[in-house]
Amino acid sequence: DSGVTQTPKHLITATGQRVTLRCSPRSGDLSVYWYQQSLDQGLQFLIQYYNGEERAKGNILERFSAQQFPDLHSELNLSSLELGDSALYFCASSGGDTPYEQYFGPGTRLTVT
Amino acid sequence: KNEVEQSPQNLTAQEGEFITINCSYSVGISALHWLQQHPGGGIVSLFMLSSGKKKHGRLIATINIQEKHSSLHITASHPRDSAVYICAVHPLQGAQKLVFGQGTRLTINP
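Here the protein sequences line up with chains A and B, keeping their order. So for the first sequence, the numbering used here puts the first residue at 1; every next one is plus one. So for the second sequence, the numbering used here puts the first residue at 114; every next one is plus one.
Any given hint could be a false lead.
Unchecked claim - Covered stretches of chain A, as calculated for chain B (at least 3 residues, CB under 8 angstroms):
#	stretch
1	38 to 47
2	63 to 73
3	104 to 113
Said to hold, decoys possible - Some chain B residues close to chain A (C-beta under 10 angstroms, calculated; not the full set):
#	residue
4	Gln150
5	Gly155
6	Ala201
7	Gln209
8	Leu211
9	Val212
10	Gly216
For the record, the hints were derived by calculation from the structure and aren't laboratory data. As the structure is a computational prediction, the values presented were derived from the model and not from experiment. Every residue gets a Cβ at the ideal spot worked out from N, C-alpha and C, and that includes glycine.
Construct all of the structure, not just a fragment, from the sequences and the given hints.
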């Protein structure tokens, strides 16, 4: 158990809908990272937050947004969903802003039908 | 060409064999991770290293910064080592993000 929690575990929704994925980092960790793992693209970095502020952005679509709240949990919002958004979404946390060991959550499997 | 390349893509071996998975990258990095992903999907961080060698149990990771190459070794492999092993790097530019290799699927037969 990494100490990082993600909810929900599974999500099935229709095209055009909007969903919110939630992540709680390990106790004391200030950084949260979001990753997408699809069958054709592998693992890709989406976005990082550090202590409530956006720190780095990767290949995140404009239809996706994220935020980190004062209690350090984070949410990833996916809107106008397309079939290609079906993937595993992982959140990870680490203690700091510079490269640190990252602890991964169990992931949320999103299926868009 | 991907910034991070792993070889082999698939590896099948017999229990007890010594396993080596390689990772080459084309950018300057501040650190490199080896991750393990089991069939259930969960990802575990095995090592983070920026120089030299690290060992944990039967796992050994090495990195050569000058040659932009890292290896993950498994000694006395066991069927429970069957998983996908993923190499990921923190580029010097944009060090917060991770850039991932495509993974190596390892199967250890009893």
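Hints and how they fare:
1. 38 to 47: holds (count 4)
2. 63 to 73: Coverage by chain B is violated here, the residue count being 0 at a Cβ distance below 8 angstroms.
3. 104 to 113: holds (count 4)
4. Gln150: 9 angstroms, holds
5. Gly155: 5 angstroms, holds
6. Ala201: Where the cut-off is 10 angstroms and the nearest Cβ of chain A is about 7 angstroms from Ala201 (chain B), the hint holds.
7. Gln209: 4 angstroms, holds
8. Leu211: 5 angstroms, holds
9. Val212: 7 angstroms, holds
10. Gly216: 7 angstroms, holds
Checked against the numbered hints given earlier, this structure breaks only hint 2.
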